[in-house]
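Work out the full structure, taking the sequences as your base and the hints as a guide.
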Amino acid sequence: MSARDAERAAGLAAALAHDVGKYLARIARNVPPGGDVPPALAAMLLADVFETHAGRPALARFDELAPDLAALTHDARLDEVRALLTTAASHERAARDGDPAALRALASLALAVESTLRALARDLRAGARP
Amino acid sequence: MTSQPRRAQRLRRPKLLIVDDGERYVELAHALLRDYDYATRCALPGPCWTCPERRGCKLTHAHDAREADEALARHPDVDVVLLDVAFDLPEARLLPSSEPDLERRRRLQGIAILAHLRRSRGDLPVVLMTSEEELAFEDAAEALAVDEFATLAGEAAFDARALSLLVERVLARRADAPEAGGYSWGHTPAMARLRRDATTLARTSLPMLLLGETGTGKSALAERVIHPATERKGPFVAVDLSALPETLVGAELFGTARGAFSGAVERAGRFERADGGTLLLDEIGNLSPEQQRMLLLVLQDGRITRLGESAARPVDVKVIAATNADLEASVRSGTFRADLYARLNPAAKLRLPPLRERIADLPELAASFVRKTFASGVDRALLARYLEAAGLDRQAGSALASAPHAELVIGRAPAAPTRGVVFVLARPSLTALEAHAWPGNVRELELLLKTAVVSALSDALAATEGQADATPPDSTRPASRRATGTTQQARIVPIPAKLVRELVAASWAPDAPRPKRGAESFEVRPGTTAHDVAVSLERQLYERLYGETSGDFEAMARRLLLGDATTNARRVRLRFNQLGLRARRKA
Ligand SMILES: Nc1ncnc2c1ncn2[C@@H]1O[C@H](COP(=O)(O)OP(=O)(O)OP(=O)(O)O)[C@@H](O)[C@H]1O
Ligand SMILES: [Mg+2]
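Chains D and R, in that order, are what the protein sequence lines are. Every position in the first sequence, counted from 1, becomes a number in my numbering once 67 is added. Every position in the second sequence, counted from 1, becomes a number in my numbering once 160 is added.
Keep in mind that the hints were calculated from the coordinates and are not lab data. Only a predicted model underlies this, so the values are computations on that prediction, with no experimental measurement involved. A virtual CB, placed ideally from N, CA and C, is assigned to each residue, including glycine. Mixed in with the good hints, there may be bad ones.
Simulated DEER-style distance windows between Cβ atoms [what the hints assert, rightly or not]:
(1) R:Ala-657 <-> D:Leu-132: 58 to 66 Å
(2) D:Arg-144 <-> R:Glu-263: 22 to 30 Å
(3) D:Ser-182 <-> R:Leu-249: 26 to 34 Å
Some chain D residues judged to face chain R by a derived CB distance under 10 Å, without partners named [unchecked claim]:
(4) Ala-77
(5) Ala-80
(6) Ala-81
(7) Asp-86
(8) Arg-96
(9) Thr-119
(10) Ala-121
(11) Gly-122
(12) Leu-126
(13) Leu-139
(14) Thr-140
(15) Arg-189
Partner residues aside, some chain D positions facing chain R, computed with beta carbon under 10 Å [to be verified]:
(16) Asn-97
(17) Gly-101
(18) Gly-102
(19) Leu-113
(20) Ala-114
(21) Asp-115
(22) Phe-117
(23) Arg-149
(24) Arg-185
(25) Ala-186
(26) Gly-194
(27) Ala-195
Take a look at the structure:
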């Protein structure tokens, strides 16, 4: 990869870490580990996973940014994250109906997405440094 | 101030300002961080979610730079700012910038807001709600690396527990920085001892007695060190007893009942206002016998009686008494009650050394005053103007604004400073400062340095603007001036040796009326000893010589003692202090 592409890849990964990872995890982080999602947080969690980007889900934002990055670097973690986000989408109905298990699943998926994207951003940033 | 309900004072909690384009951080704080107060752009106190008047209004934290300014103007007491970095806002609401890439401007708006805040608030702690991984741009990370009061939240950005720990750490760091709350300790053993004793005694309920010449930092110690160390929730209240007419002291300290004397209104005194907190009684030696009696009563049973009232009210106040007079001598001569003196815990009195006894600390104090001068206010605006005029207000090779910064270097100029302005004080100037007697102590030093750096910078600004006027307009465009070698050179501002000499020479101007010749008088009271008489006469002699020589101890030594005047000046100065005389402060 050229230095220019490496810089671009690092920028895209940072954007993913922010727009998808951070927005997903900021509520999930506050859920007591292994416990139910407190009612005060449930609505915020749903909004962050399914409506953050002008009413669109995190998966939509991911699909805007990821292809450009995939074109620059083949990193399996991008596929992993997409699978996690698709699983999250499959829990939407139940979670919106207040099913505690679905909400718990959303919280842990969100954390997994965030830590994977953060690690990816860190690696690509390191790769872009001269 | 006085109308503030007592409960509010007791519950004062750290105040946070959230600057975020969205509502999520505020909602998170709402749900999980309820131990803090929050600054909003609304006149009503308290956080939005407890607001009884909230009728469909949106949360009123700051969503952009302009709203952050509004909130800070309304709440100058904000302790920590939580600042988001990416702001998804219409272009009109972003800060103006020469950066053409709108997406990049949005992603880094928080960094621009930080630089904007820094123009007026150099040392306000800011936590950036982001992590290195999300910062898409290296130069943003560099901007942060040089800002000692900004912290990256990292993963704590959205973990409420981790975030509150981080906020606590930021607050604590501010409290025990080398200049904790703006108090410089230096490295002399006397100050180390003072620091230890002051914080230990602060935690007790006993009164504290501070002794030291004018300007040695007694009031500052009480307010910035002792009061915070008491961990009392009430306010710090100071009263300068030498500035109040004697007839008003009682009403001011203890309050009045309606009609206590003609025109008296129902009013709480300073003791009541300091309830739950700390009261500094400055120049305690000035109290009349009746006031001394009343003060003794308060110290004995923790209750005060408003003038004109008969019922006493309980008050819980940590009392700090300060003076630059010799209280023991006043006790001996009968003007200060011995039992009151004993109540002030004289065995544990703290003595603040005069600056000349801690002259090794001068460089550190000087450096801290330079930072303090440019941390806020008009002088910070002057610094920002200079950096802009010299084309130094951007980070090297970047469109990102950098925060105004100033520091002092002693000796030679650093080869290539990369940020702010470096003031250079040459060695001989330092020597001149160290040789000065500093009768006004730290206050005099602070004033002198502030004058020196502000004049040096004003001259540099005038020269830069003069140059800009003299060249054709085209070549003065910032882009062409930016980041050249000569431009970087403008970061170094020498403090001219001549300026220092002149300031030192002008620094001591006694303002108090000189004792009239032949006016020496001595009131002989019953019980006065020959020793008292001798000391009193000696004091009058010293005082007169001090006035006549404009505070020049060497000149005094020449008139008082035989032998080398330079060596003797130390003895004269020592005796001067022993006599309880004080160097008068400059007008
Ligand atoms: N150790 C210090 N660190 C920083 N600033 C100090 C220090 N000591 C004194 N100052 C500054 O010097 C000035 C004078 O200090 P302060 O008013 O506390 O002196 P003081 O002993 O109370 O004088 P006075 O007896 O005249 O009331 C203040 O501006 C204060 O901020
Ligand atoms: Mg004082």
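Now for the hints, and whether the structure bears them out:
1. The given range of 58 to 66 Å is respected by Ala-657 (chain R) and Leu-132 (chain D), whose C-beta atoms sit roughly 60 Å from each other.
2. Look at Arg-144 (chain D) against Glu-263 (chain R): about 24 Å separates their beta carbons, and that is inside 22 to 30 Å.
3. Distance hint for Ser-182 (chain D) and Leu-249 (chain R): a CB-CB separation of about 29 Å, consistent with the stated range 26 to 34 Å.
4. Residue-level restraint check for Ala-77 (chain D) holds (minimum Cβ-Cβ distance to chain R is 7 Å; threshold 10 Å).
5. Annotation: Ala-80 (chain D) was flagged as interfacial toward chain R, and the flag holds, the nearest CB pair being 8 Å apart, inside 10 Å.
6. Hint status for Ala-81 (chain D): holds, given a least beta-carbon distance of 4 Å to chain R, under 10 Å.
7. Nearest Cβ of chain R to the Cβ of Asp-86 (chain D): about 8 Å, under the 10 Å cut. The hint holds.
8. A least Cβ separation of about 4 Å between Arg-96 (chain D) and chain R falls short of the 10 Å threshold, and the interface hint therefore holds.
9. Interface hint status for Thr-119 (chain D): upheld, as the beta-carbon distance to the closest one in chain R is roughly 9 Å, under 10 Å.
10. This hint holds: Ala-121 (chain D) has a C-beta 9 Å from the nearest C-beta of chain R, less than the 10 Å allowed.
11. Below 10 Å, beta-carbon pairs count as interface contacts, and Gly-122 (chain D) has none with chain R, the closest being about 13 Å; its hint is therefore violated.
12. Interface restraint check: Leu-126 (chain D) against chain R, minimum CB-CB distance 19 Å, threshold 10 Å, status violated.
13. Proximity of Leu-139 (chain D) to chain R is violated relative to the hint, the smallest CB-CB distance being about 15 Å (cut-off 10 Å).
14. Interface hint status for Thr-140 (chain D): violated, as the beta-carbon distance to the closest one in chain R is roughly 16 Å, over 10 Å.
15. Hint status for Arg-189 (chain D) relative to chain R: holds, with the closest Cβ pair at about 5 Å, below 10 Å.
16. Given the 10 Å rule on beta carbons, the hint for Asn-97 (chain D) holds: about 5 Å separates it from the nearest Cβ of chain R.
17. The interface hint given for Gly-101 (chain D) is broken, as the beta carbon of that residue sits about 16 Å from the closest beta carbon of chain R, more than 10 Å.
18. Interface hint at Gly-102 (chain D): violated, since its Cβ lies 14 Å from the closest Cβ of chain R, which is beyond the 10 Å cut-off.
19. Taken as an interface hint, Leu-113 (chain D) does not check out: its beta carbon lies about 13 Å from the nearest beta carbon of chain R, beyond 10 Å.
20. Because the beta carbon of Ala-114 (chain D) sits about 9 Å from the nearest beta carbon in chain R, less than 10 Å, this interface hint is met.
21. Proximity of Asp-115 (chain D) to chain R holds as hinted, the smallest CB-CB distance being about 7 Å (cut-off 10 Å).
22. A distance limit of 10 Å between C-beta atoms decides the matter here; for Phe-117 (chain D) the minimum to chain R is near 14 Å, and the interface restraint is violated.
23. Hint on Arg-149 (chain D) is violated. Least Cβ distance to chain R is approximately 19 Å, over the 10 Å limit.
24. The restraint placing Arg-185 (chain D) at the interface with chain R holds, with a minimum CB-CB distance near 5 Å, inside the 10 Å limit.
25. Because the beta carbon of Ala-186 (chain D) sits about 8 Å from the nearest beta carbon in chain R, less than 10 Å, this interface hint is met.
26. Because the closest C-beta pair between Gly-194 (chain D) and chain R is about 13 Å apart, greater than 10 Å, the hint is violated.
27. With 10 Å as the threshold, the beta carbon of Ala-195 (chain D) comes within range of chain R, its nearest partner Cβ sitting at about 9 Å, so the hint holds.
Hint compliance for this structure: hints 11, 12, 13, 14, 17, 18, 19, 22, 23, 26 are broken, all remaining hints hold.
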